[in-house]
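A.B. asks: If you want the building blocks of each chain, they are given just below.
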Amino acid sequence: MSRRTPRIDRNSPLYLAWRRFLKNKPGVISAGVLAILYLIALFAGFLAPYNPTTQHPDAVYQPPQRVHIFREGRLVRPFVYQLVKKRDPVTFIASYQEDTTRPTPIRFFIRQGDPYSFFGIKTNLHLFGVSEGYFFPLGTDQFGRDLLSRMLVGSQVSLTVGVIGVAISFAIGILLGGISGYFGGWIDTVIQRTTEVLLSIPRLPILMALSTVIPASWPSTYVYLGIIAVLSFIGWAGLARVVRGQVLAAREIDYVTAARAIGAPNLWIILRHITPNLTSYLIVTATLALPGYIIGESALSFLGLGIKEPMASWGLLLKDAQNFQALSLYPWLLAPGVLIFVSVLAYNFFGDALRDAADVRSID
Amino acid sequence: MWSFVFRRFLVAIPTLLLISVLIFGVIQLQPGGFLENMLDDPRVSRETVETIRKQYGLDQPVWVQYLNWLKRFAQGDFGYSFLNNRPVAGLIWERLGWTVFLAVLTILTTWVVAIPLGIYTALRRHGLGATVVNLIGYFGLATPDFLVALLLIFAVLSSGGTNVGGLFSPQYIDAPWSWEKFKDMLAHLWIPLIVIGLDGTASIMRQMRANMLDVLTQDYIRTARSKGLAERVVLWKHAVRNAINPLISIAGLSLPNLISSTIIASIVLNLPTIGPFLYQSLLDKDQYVVMALLMLSAILLMIGNLLADLALAWADPRIRYE
Chain G
495 MSRRTPRIDR NSPLYLAWRR FLKNKPGVIS AGVLAILYLI ALFAGFLAPY NPTTQHPDAV
555 YQPPQRVHIF REGRLVRPFV YQLVKKRDPV TFIASYQEDT TRPTPIRFFI RQGDPYSFFG
615 IKTNLHLFGV SEGYFFPLGT DQFGRDLLSR MLVGSQVSLT VGVIGVAISF AIGILLGGIS
675 GYFGGWIDTV IQRTTEVLLS IPRLPILMAL STVIPASWPS TYVYLGIIAV LSFIGWAGLA
735 RVVRGQVLAA REIDYVTAAR AIGAPNLWII LRHITPNLTS YLIVTATLAL PGYIIGESAL
795 SFLGLGIKEP MASWGLLLKD AQNFQALSLY PWLLAPGVLI FVSVLAYNFF GDALRDAADV
855 RSID
Chain E
33 MWSFVFRRFL VAIPTLLLIS VLIFGVIQLQ PGGFLENMLD DPRVSRETVE TIRKQYGLDQ
93 PVWVQYLNWL KRFAQGDFGY SFLNNRPVAG LIWERLGWTV FLAVLTILTT WVVAIPLGIY
153 TALRRHGLGA TVVNLIGYFG LATPDFLVAL LLIFAVLSSG GTNVGGLFSP QYIDAPWSWE
213 KFKDMLAHLW IPLIVIGLDG TASIMRQMRA NMLDVLTQDY IRTARSKGLA ERVVLWKHAV
273 RNAINPLISI AGLSLPNLIS STIIASIVLN LPTIGPFLYQ SLLDKDQYVV MALLMLSAIL
333 LMIGNLLADL ALAWADPRIR YE
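Chains as they are written, first to last, in the numbering used here: chain G, 495 to 858; chain E, 33 to 354.
Simulated from the structure, these hints should not be mistaken for laboratory data.
Beta carbons: idealized from backbone N, C-alpha and C, even for Gly.
There could be a bad hint or two in this list.
Facing chain G, from chain E, some residues (calculated, C-beta under 8 Å) [stated by the list, open to error]:
{"no.": "1", "residue": "L50"}
{"no.": "2", "residue": "Y252"}
{"no.": "3", "residue": "I253"}
{"no.": "4", "residue": "S329"}
Pair ranges (Cβ atoms, derived) [claimed, not checked]:
{"no.": "5", "chain 1": "G", "residue 1": "A529", "chain 2": "E", "residue 2": "L248", "range": "17 to 27 Å"}
{"no.": "6", "chain 1": "G", "residue 1": "F637", "chain 2": "E", "residue 2": "L248", "range": "50 to 60 Å"}
{"no.": "7", "chain 1": "G", "residue 1": "Y532", "chain 2": "E", "residue 2": "F171", "range": "16 to 26 Å"}
{"no.": "8", "chain 1": "E", "residue 1": "L155", "chain 2": "G", "residue 2": "A743", "range": "29 to 39 Å"}
{"no.": "9", "chain 1": "E", "residue 1": "G129", "chain 2": "G", "residue 2": "I563", "range": "53 to 63 Å"}
{"no.": "10", "chain 1": "E", "residue 1": "F171", "chain 2": "G", "residue 2": "P759", "range": "41 to 51 Å"}
{"no.": "11", "chain 1": "G", "residue 1": "P551", "chain 2": "E", "residue 2": "L245", "range": "54 to 64 Å"}
{"no.": "12", "chain 1": "E", "residue 1": "K213", "chain 2": "G", "residue 2": "A529", "range": "49 to 59 Å"}
{"no.": "13", "chain 1": "E", "residue 1": "K269", "chain 2": "G", "residue 2": "L823", "range": "47 to 57 Å"}
Under the rule of at most 27 Å between Cα atoms (straight-line distance), these lysine-lysine pairs were calculated in the BS3-like manner [said to hold, decoys possible]:
{"no.": "14", "chain 1": "G", "residue 1": "K616", "chain 2": "G", "residue 2": "K802"}
{"no.": "15", "chain 1": "G", "residue 1": "K813", "chain 2": "E", "residue 2": "K317"}
{"no.": "16", "chain 1": "E", "residue 1": "K86", "chain 2": "G", "residue 2": "K802"}
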């Protein structure tokens, strides 16, 4: 017992669950996709070719530039052509055309533009970029800001809102749901009524109303925290209900009775004895609840009630595509939608896989 | 059964009271307000605003305001829209028709499409058709409604169509009903139907598929087959009939989603429903409108859940509310 054995216990529940998870191909792929997405969010400043707030007035609504690797029939290092703006003499609509006389090679690990901060280090090193002219892989918006850079930096907001929101909801949900299920009586009634109230107002209208409580004069970082608070305020109710049901069942188990008999404090019993027993169940519920937060944030930001400039989030970026004219003339503005879709889908598959892996009943 | 309905109503009253407190509280927490914003207009003097404030009792303590609002709301007087200079009830009433029309039509379409698809994908589990349908289902569940709307608008616009936004082409909006107007409406209607109904269809379809797969392995299905019943009878009378019951309670649970979807779809597609009205009122802090709409949506949700419970009792003879 005293010596640590490096051998894995092949019959431990965790190991068996891990094996079941690995057999679920969509789940494993989704876990990989999520890992990549979060790494992208972490290194967004480095991966983005431009500063997300830098405006390029001479490249407004510029379409995505194609990367070429052949020039005059020969394979060369990747380059792009600069786009020149032309105006239709009759309609005055601007259109961009490739200037094939000016190839601009893409350079890697290039230092340019305003410095960004990475864990406190100020640097202006970017993975790729061009030393003259512009390279906008996904085009620009109405102020000539690089859409790819804004998407990458926006992923920091969109991907963290869900995680932080679920974490806060869970903290409240476990505590109140645990208290509600453990004590019963009038505390239970009060908490149950509260969750019922929160659950019986349709989600989007109350989210919209709550987000208008955030003052317009707040800086965007406060607004970000405010949006998380709004999402958690609505989100904890469903989780508390789930936890309560589980605690009601766990309350009668012998070791809980034993803990009570030796005089352990009630809160200690809830958090130390009952909750760990529900861990796998809670992790699965949290994962499956996450996409709702991502979609909620994107919907609020899309409506102009969520994250505000100069911060970026995927929903806020899609707001630019809201009017029909912009949508038909500048379809590349829809690109952030791909990331919402991919991240929500990945969380759905990942959550399903976790549920299947954690489900003990699936053994027999 | 009536005693069950009655009891549900009694239970709903305290919940509704708490909801009204929450809604009123949220609106009170909003910084500024419509009357404060009026002061930005140099033609409006502080005295005018104070007079209006007094007229609507907004100068009284918060709890008096709350009680007044609640009393009037219970009597069917939803208050006054400062933005439109009209009572709220009339404004809501004008938009209610299209809202209910869209919601009911979406529910019907959702079920008519989702149930057969659920049965189909359960029976042909590994077929090409089922795989395609399942992929569309995953797409529907993972895409926010507003994104579906944007994609559809883009698809229509880029294929040369113009029937996006609103429910009618401009020339038909005020025209009397005619066959042409009806056709024009149908040409517009499919986009909101898909936008609002896609995620609901996907989830009901998946649920139906799971239920069917569950039911098909039951003993009574084997018994039915072994006593020589036609496969058609086994499928529709034994399997489908039982697989559909759990879905009825899902119908009640899917109502909040439906309301949320209708709101956001209407804002993006510019439909003449409650959605854009709520949105605009929120932005302008037109407080009575917002409170009335939030209360009504909560009441609607409760009625929907009650109806779902009753429908379940009607469809499933094992459930009795005594």
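A.B. asks: Of the numbered hints stated earlier in the document, which are not met by this structure?
C.D. replies: 2, 3, 5 and 16
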